[in-house]
Amino acid sequence: MSRPRHPLVGLIGLAVITACAAAPAPATLTQNGGTTGGLGGAGTTAGTTSGTLPGGTTGVGAGGTGGSLGAGQGGAGSSGGGQLGSGSTGTGGTTGTGSTGTSGTSGGTAGTPLFTPAEDTIGLTPTSLRICGHAALTYAAAFDTSPDDLGVYWTALNEEKGGVHGRKVSLSFYDDAYDPIKAQKAAEDCIATKPFLMEGGIGFDQIPAVRNVAEQRHTLYLYHTATVKGSAGLKYSFTELPSVERVGEGFAQLAGSKFRGKRIGIVKRLSVNWEPGVTAFKAVAKSYGLNVVPGAEREEKASAGNYSNSIALMKDKNVEVVWIWLNALETGEFIAQMKAQNYHPNVMAFPFNLTTQTLAVQSMNPPLDGVAMYPSYSKGDYSGLFSGYASDMQEFERQYAKYRPNAKLEGPAGDLLFLNWVGQKALGQQLLDCGRDCTRNKFVPLLQNYKKVPTPAACLIDFTVGDRHHGSDRLVFMTSYQRDATHWNWRPTKNCVAP
Amino acid sequence: MGQVIVLGLIAGGIYAIFAVGIVLLYRGTGVLNFAGGELGTAGLYAASFFVTRNQLPWLVGAVAAVLFAALIAMSFEFFLVRRAVDADPVVISILTVGLAVTLFSIEIFITGQTPQKLRGPIDGGVEVFDFIVGWHSVFALVLALALGLGLQSLLRRTDFGLGILAAAQDPAAARLVGVPLARVRMVVWGGAGALAAVAALLVEPTVTSFTPGFANTLYLDALAAAVIGRLTSLPGAVVGGIVVGMTEAISRHYQSALGFPGSEYVAVLSVLLVTLLARSLMPDLRRRFDARSYQPAEVSA
Chain A
1 MSRPRHPLVG
11 LIGLAVITAC
21 AAAPAPATLT
31 QNGGTTGGLG
41 GAGTTAGTTS
51 GTLPGGTTGV
61 GAGGTGGSLG
71 AGQGGAGSSG
81 GGQLGSGSTG
91 TGGTTGTGST
101 GTSGTSGGTA
111 GTPLFTPAED
121 TIGLTPTSLR
131 ICGHAALTYA
141 AAFDTSPDDL
151 GVYWTALNEE
161 KGGVHGRKVS
171 LSFYDDAYDP
181 IKAQKAAEDC
191 IATKPFLMEG
201 GIGFDQIPAV
211 RNVAEQRHTL
221 YLYHTATVKG
231 SAGLKYSFTE
241 LPSVERVGEG
251 FAQLAGSKFR
261 GKRIGIVKRL
271 SVNWEPGVTA
281 FKAVAKSYGL
291 NVVPGAEREE
301 KASAGNYSNS
311 IALMKDKNVE
321 VVWIWLNALE
331 TGEFIAQMKA
341 QNYHPNVMAF
351 PFNLTTQTLA
361 VQSMNPPLDG
371 VAMYPSYSKG
381 DYSGLFSGYA
391 SDMQEFERQY
401 AKYRPNAKLE
411 GPAGDLLFLN
421 WVGQKALGQQ
431 LLDCGRDCTR
441 NKFVPLLQNY
451 KKVPTPAACL
461 IDFTVGDRHH
471 GSDRLVFMTS
481 YQRDATHWNW
491 RPTKNCVAP
Chain B
1 MGQVIVLGLI
11 AGGIYAIFAV
21 GIVLLYRGTG
31 VLNFAGGELG
41 TAGLYAASFF
51 VTRNQLPWLV
61 GAVAAVLFAA
71 LIAMSFEFFL
81 VRRAVDADPV
91 VISILTVGLA
101 VTLFSIEIFI
111 TGQTPQKLRG
121 PIDGGVEVFD
131 FIVGWHSVFA
141 LVLALALGLG
151 LQSLLRRTDF
161 GLGILAAAQD
171 PAAARLVGVP
181 LARVRMVVWG
191 GAGALAAVAA
201 LLVEPTVTSF
211 TPGFANTLYL
221 DALAAAVIGR
231 LTSLPGAVVG
241 GIVVGMTEAI
251 SRHYQSALGF
261 PGSEYVAVLS
271 VLLVTLLARS
281 LMPDLRRRFD
291 ARSYQPAEVS
301 A
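Protein chains in written order, with the working numbering: chain A, 1 to 499; chain B, 1 to 301.
It should be emphasised that the hints constitute simulated quantities derived from the structure, not laboratory data. Note that the structure is a prediction, hence the values are computed from the model and not measured. Using N, Cα and C, we set each Cβ at its ideal position, and we do this for glycine too. Some hints could be false.
If we take Cβ atoms under 7 Å as the criterion, some of the chain B residues that face chain A in the derived model are [said to hold, decoys possible]:
#	residue
1	Ile94
2	Gln113
3	Thr114
4	Lys117
5	Ile132
6	Thr208
7	Phe260
8	Pro261
9	Ser263
Below, simulated EDC-like cross-link-like pairs (lysine to aspartate or glutamate); rule was C-alpha separation at most 20 Å, straight line [to be verified]:
#	chain 1	residue 1	chain 2	residue 2
10	A	Lys379	A	Glu397
11	A	Lys317	B	Asp130
12	A	Lys315	B	Asp88
13	A	Lys258	A	Glu275
14	A	Lys339	B	Asp86
15	A	Lys315	B	Asp130
Stretch-level coverage of chain A by chain B, calculated; a stretch enters the list once three of its residues show a Cβ under 8 Å from a Cβ in chain B [what the hints assert, rightly or not]:
#	stretch
16	139-148
17	462-470
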């Protein structure tokens with residue numbers, strides 16, 4: 001090969017490097033600054049178009065305004081709407097004070113069912129109900145579990161109570177490999193099986209991608225936590241958990257209660273779907289007067305592996321509290337590398353037992369602090385704040401002992417399996433509430449008017465406020481602790497923390 | 001700033017070892033290997049099998065890793081490269097992309113995305129500018145320098161080394177003078193695979209775990225380092241590695257202040273472009289300078 005070719009060939013490599021990223025106005029606006037102080041004005045424009053179908057449920061107006069966190073809050077429609085009055089949401093409000101908002105842009109279409117007659121009963125037969133979902137099954141081994149461990153709630157329900165109103169429920173998951181593109185493929189595979197509804201597993205980057213698929217394919221989609229950003233106007237997608245933005249606020253609330261006056265640094269995922277959490281954190285931190293150190297903020301790409309630069313920055317800035325806004329695996333690596341540098345700041349992170357069990361005693365010097373959208377779990381420990389939902393923990397353990405005796409609930413997957421079980425149980429309750437003649441067009445309004453605590457381990461689910469697609473703003477604060485000689489887990493310090 | 005230098009040198013040492021492997025293969029065969037990162041990762045899986053699963057000493061795992069990566073590279077040469085003997089080296093370079101994808105797929109198939117652990121060879125390190133540099137990182141830097149200079153001497157001063165160079169420059173002539181082409185190429189491929197495994201082994205203790213594709217990003221940086229070193233100079237590859245490592249560290253240090261995520265990639269690309277530009281302009285400038293120097297003095301009548 002002649003020399004002039006060298007630079008060209010080298011540039012190929014460099015190219016790879018660079019590549020490697022409802023009712024119209026008049027609106028009645030209210031402000032929702034609330035205790036966090038950083039929320040913008042959430043529009044509550046009331047829907048005014050009444051449905052004409054008899055016996056319908058509440059119509060859903062929309063067209064509120066976006067608050068500082070981008071939550072376009074649809075207003076509740078007036079009564080008497082059809083089965084589902086849907087409408088588009090309003091435009092975003094201004095950032096910060098929440099004083100500004102504009103009215104909604106379009107009227108509701110009360111009385112128009114969300115699903116066509118052909119779509120309405122997909123996934124249902126007189127004897128069966130099909131649910132599928134996408135999740136990062138590829139990480140199952142990392143958590144020392146199996147995808148088959150995820151369906152125990154339904155197995156028990158089918159075996160012991162004959163399913164939901166005589167329908168045996170089947171649940172299957174497709175591997176999204178924790179990747180947005182693969183998540184869309186997994187969602188397509190799931191939808192191809194004609195499910196009644198599709199579930200979305202953990203993944204801030206995957207869910208927004210799948211929401212688009214669900215909307216295009218008119219598939220009812222119940223997902224885990226994701227950013228509110230980009231969800232305005234979506235009709236088929238719902239979550240019963242707090243948003244990314246709310247979780248970011250929660251970390252600031254935690255810092256406000258524990259780390260006032262301490263120097264706080266941020267290590268965050270380089271992602272547009274994670275960033276809204278940081279924005280929300282900063283807004284609330286500012287209102288609390290927290291000391292977020294200027295310049296002590298560092299982005300990390302997914303699975304970065306080597307965090308030396310970030311750790312050096314945190315040390316250099318004398319950071320006393322590091323908020324690690326990364327996933328469980330990355331958090332474990334980050335903390336291990338901090339410890340190797342003999343650097344022991346307080347850490348706020350997502351609380352997964354995988355992290356504490358990987359770090360073992362390193363998770364105790366000092367104990368880690370966490371904020372979660374899900375309940376804490378530590379097998380067999382019903383003390384302290386666990387006691388509030390010990391009945392759920394015991395039922396969960398009984399079912400697994402009977403139907404998946406080899407599942408290691410004491411291991412790093414225990415809390416993951418429990419949060420999944422609680423989520424499935426909440427859904428089970430809602431399907432039961434939906435009745436024997438439940439269809440998609442009956443289930444959606446039921447969901448949008450849902451306001452209750454479905455099971456002791458869950459927090460209040462309330463779809464009656466906001467855009468009726470986001471059902472919770474409650475978080476759980478946790479801390480790491482030594483469960484026994486060989487297990488380090490998380491336990492709750494505050495359950496169901498409101499904004 | 002001291003920390004930045006330390007971090008740059010740590011990363012630079014790893015890039016340099018990868019880059020030496022790239023240059024070695026390029027000089028010996030004319031092929032640019034895109035599979036080095038995955039060869040290194042495959043070596044780590046072999047090491048993990050012995051060290052983590054079977055509780056054997058780290059050294060046993062390290063030897064297994066180096067041999068395994070070398071074996072894969074040599075097999076690739078034997079079963080594919082040799083069959084495409086008349087192919088342009090660019091074609092073989094593209095084939096290495098296929099090798100990388102194949103290895104990545106096999107790793108995914110066997111382990112999923114589950115992070116694997118491999119305990120390091122030695123605990124502890126030395127504190128420099130308030131940053132603890134692991135002994136493995138110190139060793140990586142020393143090894144990179146030794147490899148750069150040692151292999152350069154080997155190529156220039158031994159018959160086998162000259163045979164490697166001859167085999168790449170004029171295979172027909174080399175064969176005529178008795179250079180065993182097949183053996184030379186196989187050794188070069190094996191050496192490149194082994195070096196990739198060594199680099200991966202030395203970076204893993206810093207990261208603490210690895211997954212499929214673990215070393216690919218590092219390897220891309222090493223490709224940049226090799227290009228900065230002209231792709232033909234082994235000491236140049238070492239210097240290139242350290243330049244890339246330092247560039248990244250400096251860029252990341254100021255990243256937050258600049259509010260520019262991913263600035264390290266742009267910085268590396270910029271350094272590379274400046275290097276290439278300077279290299280292309282340099283002969284022209286030299287020519288002009290020389291021409292002016294040799295202008296005959298005017299003699300007045």
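Hints, one by one, checked against the model:
no.: 1; hint: Ile94; verdict: 10 Å, violated
no.: 2; hint: Gln113; verdict: 4 Å, holds
no.: 3; hint: Thr114; verdict: 4 Å, holds
no.: 4; hint: Lys117; verdict: 9 Å, violated
no.: 5; hint: Ile132; verdict: 5 Å, holds
no.: 6; hint: Thr208; verdict: 5 Å, holds
no.: 7; hint: Phe260; verdict: 10 Å, violated
no.: 8; hint: Pro261; verdict: 4 Å, holds
no.: 9; hint: Ser263; verdict: 10 Å, violated
no.: 10; hint: Lys379/A / Glu397/A; verdict: 8 Å, holds
no.: 11; hint: Lys317/A / Asp130/B; verdict: 12 Å, holds
no.: 12; hint: Lys315/A / Asp88/B; verdict: 51 Å, violated
no.: 13; hint: Lys258/A / Glu275/A; verdict: 23 Å, violated
no.: 14; hint: Lys339/A / Asp86/B; verdict: 54 Å, violated
no.: 15; hint: Lys315/A / Asp130/B; verdict: 9 Å, holds
no.: 16; hint: 139-148; verdict: holds (count 4)
no.: 17; hint: 462-470; verdict: violated (count 0)
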